[in-house]
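**Student:** One letter stands for each residue in the lines below.
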Amino acid sequence: MATSRAKSLQQRLAILADAAKYDASCASSGTQARDARKGGIGSTEGSGICHAYAPDGRCISLLKVLLTNACMFDCAYCVNRVSSGVERAAFTPEEVVSLTLSFYRRNYIEGLFLSSGIVRSADHTMEQLVRVARTLREGHQFHGYIHLKTIPEAAPELIEAAGRYADRLSINIELPTDAGLAALAPEKSAGTIKRQMAEVRTAIDAAAERPRRLPPRAAPAPRFAPAGQSTQMIVGADGASDVAILSRSRTLYTAYRLRRVYYSAFSPIPAASTALPLTPPPLQREHRLYQADWLTRFYGFEVGDIAAAATAEGMLDLDIDPKLAWALRHRAEFPVDLNRAPRERLLRVPGLGVKAVDAIVSTRRHHRLRPEDLAKITPTARRALAFVAAEGWSPKGLDGERLAHLVRKPHRQLDLFAA
Amino acid sequence: MNRYGHIVRLEHPADFETFRRMARRLVAAGISSHRVLWTTRDDAQGVLATMVPAQTLPEPSATDAPRAPRRFVELARLVACHSAADRYILLHRLLERFQKEPRLLSIATDADVARATTLAQNVRRCAHKMKAFVRFRTTRDRDGAERFVAWFEPEHHVLDLVADFFVGRFAAMRWSIVTPERSAHWDGATLIVAGGASREIAPDGDIHEDLWRTYFGAIFNPARLNVRAMTSEMPKRYWTNLPEAALIQPLIRQATARAGAMMAAPATAPARSTRPARARREAESRSRSLAANINSLDDIAEAAAGCTRCPLYRDATQVVMGEGRPGAAIMFVGEQPGDQEDLAGRPFVGPAGRLLNRALQDAGIERADTFVTNAVKHFKFEVRGKRRIHKSPNAGEIEHCRVWLDHERRLVRPKVTVALGASAARTLAGHPLAVGRNRGTPLTWADGSAGFLTVHPSALLRLADAEAKRAEYRHFVDDLAAVRTMIATVTPKH
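Protein chains in written order, with full-length UniProt numbering: chain A, 1 to 419; chain B, 1 to 494.
Possibly wrong hints are sitting among the right ones.
As the list claims (entries may be wrong) - Capping the alpha-carbon separation at 30 Å, the derived lysine-lysine pairs in BS3-like fashion look like this:
(1) B/Lys131 / A/Lys38
(2) B/Lys469 / A/Lys355
(3) B/Lys236 / B/Lys131
(4) A/Lys355 / A/Lys396
(5) B/Lys391 / A/Lys355
(6) B/Lys469 / A/Lys376
(7) A/Lys396 / A/Lys376
(8) B/Lys386 / B/Lys469
(9) B/Lys469 / B/Lys391
(10) B/Lys386 / A/Lys376
(11) A/Lys355 / B/Lys100
(12) A/Lys355 / B/Lys131
(13) A/Lys376 / A/Lys355
Just so you know, the hints here were simulated from the structure itself, not pulled from any lab data.
All chains should be modelled from the sequences, with the hints used to inform the complete structure.
**Tutor:** This is the structure we're talking about:
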């Protein structure tokens, strides 16, 4: 790109990392185990590694950059839209390859998360992304983590190639409603995005079904995105309620077997669009959405349960977490007996996480649990004790007005400039 | 017994192997954990010189050897790396206690178990942080080859624990990781773990650190400043050896002003129009105008692609139109696409479709003579657990979708239209029709065309009893065979 020739690699890195930072995903987890003992460089384990944290508290695991921030699209929420006044730049695929390897060798990163503005065409853009991943894998035997963004409407054979080289693929659904997307992203269509997610899920399923043990000297089974796919939704740019957002993500999780839905409270961006609301949503809202998302994935909550913890307008309480909100509205479900209740009932208790519940279930086979035992199991025992019965303990005030105050932590804005 | 007790000399602070060998002997010999000193010191002077080396105890026989749960070995390997002075005493005591309390480890509330679990967690986290925060700087070996060297100060004795991780990751590089008490060196083939050294042994910079700092600064979003979240994951104790940490304070200081400037900057209006947006709008208006003038199956597909006549489009992936050729003798109308059909965008490709194909074959019907489609073109479902569970469409949804089926019927002009199940029967008959009572005999649909009704193949899939399943399948094939006889006699009536 002519505009970027004059800029140094360092200047372009500053521009293209800045342009990539609104994608919240940073995960390097969930892929197969590999290493470099038989050649090449790099390794992955089941769990990812965060190599650094920026002062915004976000993890830095991958080199997250755009190939170029030039873009033909005009998505109102995006800093790189064609009508924004940001400085443009581009890397060559070779530059990204060499930057990735240099950072990787020094143990700065787990791998690469590459995306791009859309230039010329969807296929051209996707081809460039695939070329970087292919060069890393085939030219350098790079075994580290690669996350590629797929471009809406890119040809199926390019998606197929992307899945062959990448650990994770993602395409952003962007907004919780089709109408919101149509209004803020005139070039995008929810149908196209969902069809691509369906295509990726089908390919992932097919790769997983292939027999693991192959006859000796058979070509290894082609892999396809072993770390699955993820997506991102922007929060607060349209009028969707928290329950609408979570119901959308629940559908996406199950329909396309997503590993993660990221929620990104839209934040002030340089050169914002007049099409966006003037005030950004509180970061606390994003936090509550993640908590509720977690409850639906690991705690057996359905969207209906989340709705039962939210306001009539479908908004989660910013002051208390959704699990506590649910408990306060379903006091008849408590106390839960630590010594007898089944696992799924224990998981409903505010202050008990999955690990604590497992420890309770294994310990109570040996002796009956007393309230003081809970403190050895979890640091949030005090909160849990308001909702559980144990040997020599039954909670007081479950039906009282003051319960909410007893268990509530003082409200703390997440976006406080706390140093 | 010596009144000062026994002494175990460890080769280094995280010497799990020596612990394992000596703890076996000590427990087998009945020597209590509070009578043993575990030490890395080898100057045998003063009190130490009077203690009995555990090495002098006999190796226990297979029957005398103490037993421990398998999980303990993993736990102990981690605890041995902790900096707590009493870690070996704790492990020794646990091993003692297992002899009488074999299931001790599953009692999370036991003080020893709880402490060992906490120590292991500390070590695991510390090892994880070491994998994360080691930063290599390049230098050259005497032979001119590149070597990557890192200076690191872990909170616990985890170098031995993580060395293998670096071998696997950087197997083809030469590297060294140096800590105050221990260091690891890899030459591309062999790992040597030796004593510690001081900071000066590592290079004081690297040509890529400026680029890395540039990246660190640029990926930070000043509008989301959250120092507490950063320091809880990247504690200050690690900052001295992280080249990017020099930027943290300046980034924090400037954040408020930068975020304010972004908020204050004038907003820009959206572009009046872009090429892709125009192309999208044109396609949409083409599809709308097409709806009034459909002349082929392709036209239906294009016109229906953006259908929002009912709300089912919101959660479904895509419209699934019928498949087959115009003029096919038999049209099968099912209820709605399922999970697989929704993903693939094609009808009858899931389990029910495979069953239908088999039954067609058994009934002697050529697939090429058929057109398969559904009464409703979007998948209706309910999310339960990890799956999308089929939910029957309601009368309104069936009614909204009828227009697409009507187009398909008009263009395909089959001799016989077969309804699979009640939803399809309802749409074709114009009123509810009981499947049980009306299946298996020729019918006439609301528009006067020749019809037939049988069960939906998914109903067969839901039967649990194998004998009932076989019987129902035979019944289904008999119905299809009756359809085959029908097409020989019926002429299309459109």
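**Student:** If a hint holds in the structure, say so; if it doesn't, say that too.
**Tutor:** Hints, one by one, checked against the model:
no.: 1; hint: B/Lys131 / A/Lys38; in the structure: 21 Å, holds
no.: 2; hint: B/Lys469 / A/Lys355; in the structure: 44 Å, violated
no.: 3; hint: B/Lys236 / B/Lys131; in the structure: 17 Å, holds
no.: 4; hint: A/Lys355 / A/Lys396; in the structure: 26 Å, holds
no.: 5; hint: B/Lys391 / A/Lys355; in the structure: 35 Å, violated
no.: 6; hint: B/Lys469 / A/Lys376; in the structure: 55 Å, violated
no.: 7; hint: A/Lys396 / A/Lys376; in the structure: 22 Å, holds
no.: 8; hint: B/Lys386 / B/Lys469; in the structure: 27 Å, holds
no.: 9; hint: B/Lys469 / B/Lys391; in the structure: 22 Å, holds
no.: 10; hint: B/Lys386 / A/Lys376; in the structure: 33 Å, violated
no.: 11; hint: A/Lys355 / B/Lys100; in the structure: 27 Å, holds
no.: 12; hint: A/Lys355 / B/Lys131; in the structure: 24 Å, holds
no.: 13; hint: A/Lys376 / A/Lys355; in the structure: 12 Å, holds
In terms of the numbered hints stated before, the structure departs from hints 2, 5, 6, 10, listed from lowest to highest.
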